[in-house]
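Chains A and B are the protein sequences, given in the same order. Be aware that the first sequence starts at 976, since it is given in the working numbering, and climbs by one per residue. Be aware that the second sequence starts at 86, since it is given in the working numbering, and climbs by one per residue.
Fair warning: there could be bad hints in the mix.
Said to hold, decoys possible - Keeping only pairs whose Cα atoms sit at most 27 angstroms apart, straight-line, the calculated DSSO-like set for lysine-lysine is:
(1) B:K174 / A:K1174
(2) A:K1287 / B:K303
(3) B:K204 / B:K345
(4) A:K1287 / A:K1365
(5) A:K1048 / A:K1074
(6) B:K174 / A:K1105
(7) B:K303 / A:K1074
(8) A:K1048 / B:K303
(9) A:K1266 / B:K303
(10) A:K1105 / B:K303
(11) A:K1066 / A:K1033
(12) A:K1284 / B:K303
(13) A:K1105 / B:K150
(14) A:K1174 / B:K303
(15) A:K1048 / A:K1088
(16) B:K284 / A:K1105
(17) A:K1216 / B:K303
(18) A:K1091 / A:K1053
Calculated from the structure, these hints are not laboratory results.
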Amino acid sequence: MVILFYIHRPRPRKRFFGMKIHEYQARELFRNEGIPLPSGSLCGTPEEAKRSAEEIGKPVVVKAQILVAGRGKAGGVKMAQNPSEAYEIAKNLLGAVIKGIRVDSVLVVEAVKSQKELYLGFTVDRARRKIALIASSEGGIDLEELARTKPEKIFRREINPIIGLHHFEARDAAFSIGLSEKNANEFTSICLKIYNIFKSIDADLVESNPLAISSTTGSLVALDARITLDDNAMFRHPEYKQMDEELAPLEREAQQQGLAFVQLDGDIGIIGNGAGLVMATLDVVAYFGGKPANFLDMGGGSRADDVHKAVKICLEQQNLKAVFVNILGGITKCDEVAIGLVRALSESKVKVPFTVRMVGTNEEQGRKILAEYKIEYLDSMETAAQSVVKLAHEARS
Amino acid sequence: MLEYGTRVVAGVTPGKLGERVDRVPVYDSVRQAITEHAEINASIIFVPAAYTSDAVYEAIDSGIKLVVTITEHVPVQDSLQFINYARDKGVTVIGPNCPGLISPSESKVGIMPGHIFSKGDIGMVSRSGTLTYEIAWVLTRAGLGQSTAVGIGGDPIIGRDVLEVVDMFENDPGTRAIVIIGEIGGDAEERLAARIRQKGMRKPMVSFIAGRQAPAGKRMGHAGAIISMGAGTADSKIEALESAGVGVAQLPSDIPTLIKNALASK
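Isolated chain B, as found in the complex (with noise of 0.2 angstroms):
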């Protein structure tokens, strides 16, 4: 993150007072490291399962309003607790089981190279982190730069969803077209397709969804990635998405196509 340029000015691991880490100060609690550096506006989580709900509070008391959570396998119930707190005290969080996001060029709360992002106006959403990464490389291939990724994360309960990031990317000036990245399980793009064929869509939308090879009742991976009795199937939510008029991609390298005849045609 700091050789991408993102201002990392403290770091939190109880015990560790004084230590530094890439030259950045180490400090035991947050509230130790925001009276020391008032500027801190955003938060990122590394801290193993067991613990990362403690750290989430810890972040929310302090008054960060950006949290990002990269760690995996948090249990539901914590991350019920926290992202329930967190909505109620104007808190985003972003996670858990998430890569962060990266505006390229500006700066990167999270652990994706960031060489392989560049700057543009494409915007993503996505419930993964390498297939993220997959995308976002074949994009700058195809000289489509992106102005924001978000890593939403893998989990059945997170902070932000695919609707709520479509929005923002709606009105963001910065975006012109947006790339939803899905899998199996849950019904996230569903519901998505649903409110686009209600109220329709600003900016061009392409998506890809991942898991049209997947058995139904085994978790692929990712704890939200389970097709149960039938719901949250590959097809199913292909079906819905192009019913709504998002072009859906076979493959990762049909997405630059599908961008820029969604573009053309706007």
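One chain only, chain A, in its complex shape (with noise of 0.2 angstroms):
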């Protein structure tokens, strides 16, 4: 085969980790493309939420801004039919602390009564490589319970994303799912400023659920607006970022040093590179009888640096009773796992037993290091990963 390599010069390696949004930054991406919502605003303070709801004069909707799937039913949610039920609502929920999370504001919304609930959304459709155009006129629960039930209740249209959504596209789901004319067309203008929303915010997931017709106007407004952005697509939106509020400390700690690593509850440190092997390792080393603490990738070409962060992360990880690195190195180079794990491992204070596998790229090289600082090493992750198991073993007894 002849080839061409197309290579730009090195740019120091950065990671972003986009994620949910918060449904106050959806609403206002909403606003700004003109899709109609309930009026409210957000609020940090119990006499905020007040004010808001005088200045709606109707009932409200106080809502916790936290960034966890089912914060309705955990208590996230209220309905106040007044400006001092608001307050005290506001009150008791702010500060209050929800599946793990502080709340810090809440978004107080006009209660609006719908005659009807519809869902609206735009995802990526990995099958098919295309972007998905989803909708229903069962909207208000949540779309996998609703394709769990009604699956034909689902209108869903593949979107070519170069030629993007065009109008006859959203009117084919809007007459699908049974709206009148006067609905059909809201409906449509609604389903493109979606769109536009989906491409340039580069979202993962845009979605109304519900979509509402309000029984008192008869129009189409979004009662929810949920927005999950694409986090290799960070760099470009640099003010979403922010930090997974479902993370454990540790793990905040290692993603703001670009590892990707993930609490569990054994204790056998795993660290490798490459997401595929690590988690094979987890899977073997739990076949073998012992029980993983995380999951820690370094990622591709990893140099000394890199590998001495990723140790220290791990050895952070409390109860731990062996650790078991593996690398199959390809962009990643043994010799340089090897001077990275010799100074992480001399710097140490906390005693665990290591074991190590290393095969790959440089592995000559590697070892010859390992060796000199009598770090022991073997070929095969099988039968390092019985190693580690009983090393841990004998730690706990």
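Hints are included, so try docking the two chains, each in its own frame, into the full complex.
Printed below as a string of structure tokens:
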């Protein structure tokens, strides 16, 4: 094969982690596009909540602004008939901890009575490599739930990302879910606007559930706005860069250092290069009776510094009985790994037995370094997994 | 790649015209490189994520028919656009976020450590880079060489998926059996299983699925590796593949035995 390689000068490696954005942020994007929303505002104190409810002059909904699923069921969304009720609810919610997360602000919005609740959303269709437009006449419940119970009520259409969403496609969705002409026109317009948001903000998902037909006006209004951004596109939207509130403190630290790290509940630390290999390492350790303490992927092409950081993060975990370092070098060089490992281990005060498995690019050089420092290494992942399980077992007893 | 015998004839880095990397000349643009080297028929892209789509379009518009995209962290909307564009132009994109491909002892357009692979008749298709090396290492030690290994990439949107590469292996006279290396997230393995149940398979297939221990809702390194709302679990993939007659290995070291048994019973 005759090939051409295409390369830019290497740049510092940087990772961004995007995610769900807050409802009030999603509402702002909806408002900027001109999508009808119930009036309301973001409040940081009970007094603000009261004032907001007074301005609205109707019953309101007080919604905790936290990035967790199932916030409603956990008591984070409540109705208030009047401003003093809004004050009381906001007072109880602000500072409260819901599903482990502290509520710092609430959204106070008009409680709109609806004659019908619809679903409208855009997401990425992995299998077809297109954008999926999803609509339903049965909104207000979880889409997954609806897909299970009434799949025939879900309208789905592939949108070609190159030509984008066209009016006829949006109209097709509107008529397919049985809207009247007036509502269908509104729906088509909202559909195009949500698609614009989906594209311009680099979303993985934009949905309004429910998108309601108001009983008072008979017109469509987006009662909820939910947006998940693509982690990889955060460099284009730095204003939305925020920490995932659901992360454990150590996971947050690892994230800041650019490591893919997930804490589990076992006692064997796992470090490796490449997501698939690290996942397989967890599985193999568990197969031999060990309990992984974490998932830690250093990624491809790690230098000694990255390895050093990874080992340090891993060793910050409490109750570790043993650590398994599993390296199969492609663009990651074994000698770099060895240097980082030696440095981290000589600095560390934590005395935990290590098992190292190292194969691949520059393995001879890497092994020489490990041998100099009397760090043992193995060839096979499975032998190494058995060895680390045994070490952990001995340390436990 | 040069060491492995791949004929790397040109490099492109804007502003670096006239330089050489390992004796390979560097050009400012793909068009320039192609003018000088009309024999170019593939491109491998290592540019940072923010510039990847630009590099892919440049390769496609210069008439290159195989574009291997190694870069990790490419925005999904970019991949969606250039992958659809490539398909319309009849161009094969592999990746992004992949190790590339290798036909042992013949050619390598990728970043895998060549010495782990050996020539043979097992086709490998994988969503993961280093796990591909792991399993190639196991196969090689068991005396099972590989026809071609394709790292399709760990992203949600990729140029060629498991089903398409399995099709290519089924039509490849040099491949006798296929190893499918999957992981949690998405439903590619389930779709493959459904197709096998419907249409059968011409060549024995064996699989390994990573992520049995992965908790739901957590992204395990790869952007594509996340179990959401109970879908895309290792269990659902393993069950689907097994019910379609694909042997699923619990350990990588079980794969050679599964392949040998499957070949013997064919």
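Hint check:
1. Our distance criterion of 27 angstroms between C-alpha atoms is met by B:K174 and A:K1174, whose separation comes to about 23 angstroms.
2. With a CA separation close to 22 angstroms, the supplied pair A:K1287 and B:K303 stays within the 27 angstroms bound.
3. Between B:K204 and B:K345, the direct Cα distance comes to roughly 17 angstroms. Compliance with the 27 angstroms bound is thereby established for this hinted pair.
4. In summary, the hint linking A:K1287 to A:K1365 is supported, as the alpha carbons are separated by about 23 angstroms, within the 27 angstroms threshold.
5. Our distance criterion of 27 angstroms between C-alpha atoms is met by A:K1048 and A:K1074, whose separation comes to about 11 angstroms.
6. The straight-line distance between the Cα atoms of B:K174 and A:K1105 is roughly 16 angstroms, inside the 27 angstroms bound, and the hint therefore holds.
7. A distance of roughly 16 angstroms separates the Cα atoms of B:K303 and A:K1074; the hinted pair therefore holds under the 27 angstroms criterion.
8. The hinted pair formed by A:K1048 and B:K303 meets the criterion: a straight-line CA distance of about 21 angstroms does not exceed 27 angstroms.
9. A distance of roughly 18 angstroms separates the Cα atoms of A:K1266 and B:K303; the hinted pair therefore holds under the 27 angstroms criterion.
10. Distance restraint check for A:K1105 and B:K303: the Cα-Cα separation of roughly 24 angstroms lies within the 27 angstroms cut-off, and the hinted pair is therefore satisfied.
11. Taking the CA atoms of A:K1066 and A:K1033, the gap is about 19 angstroms. The hint holds against a cut of 27 angstroms.
12. Of the supplied pair hints, the one linking A:K1284 and B:K303 holds, its CA atoms being roughly 21 angstroms apart against a limit of 27 angstroms.
13. Taking the CA atoms of A:K1105 and B:K150, the gap is about 22 angstroms. The hint holds against a cut of 27 angstroms.
14. Restraint check for A:K1174 and B:K303: the C-alpha separation of about 25 angstroms stays at or below 27 angstroms, so the hint holds.
15. For the given pair, A:K1048 sits about 20 angstroms from A:K1088 by alpha-carbon distance, which is consistent with the 27 angstroms threshold.
16. As the CA atoms of B:K284 and A:K1105 are separated by approximately 25 angstroms, the hinted pair is consistent with the 27 angstroms bound.
17. Only pairs whose Cα atoms come within 27 angstroms are accepted, and A:K1216 paired with B:K303 is accepted, the gap being roughly 18 angstroms.
18. Distance restraint check for A:K1091 and A:K1053: the Cα-Cα separation of roughly 20 angstroms lies within the 27 angstroms cut-off, and the hinted pair is therefore satisfied.
The structure fails none of the hints (numbered hints given earlier).
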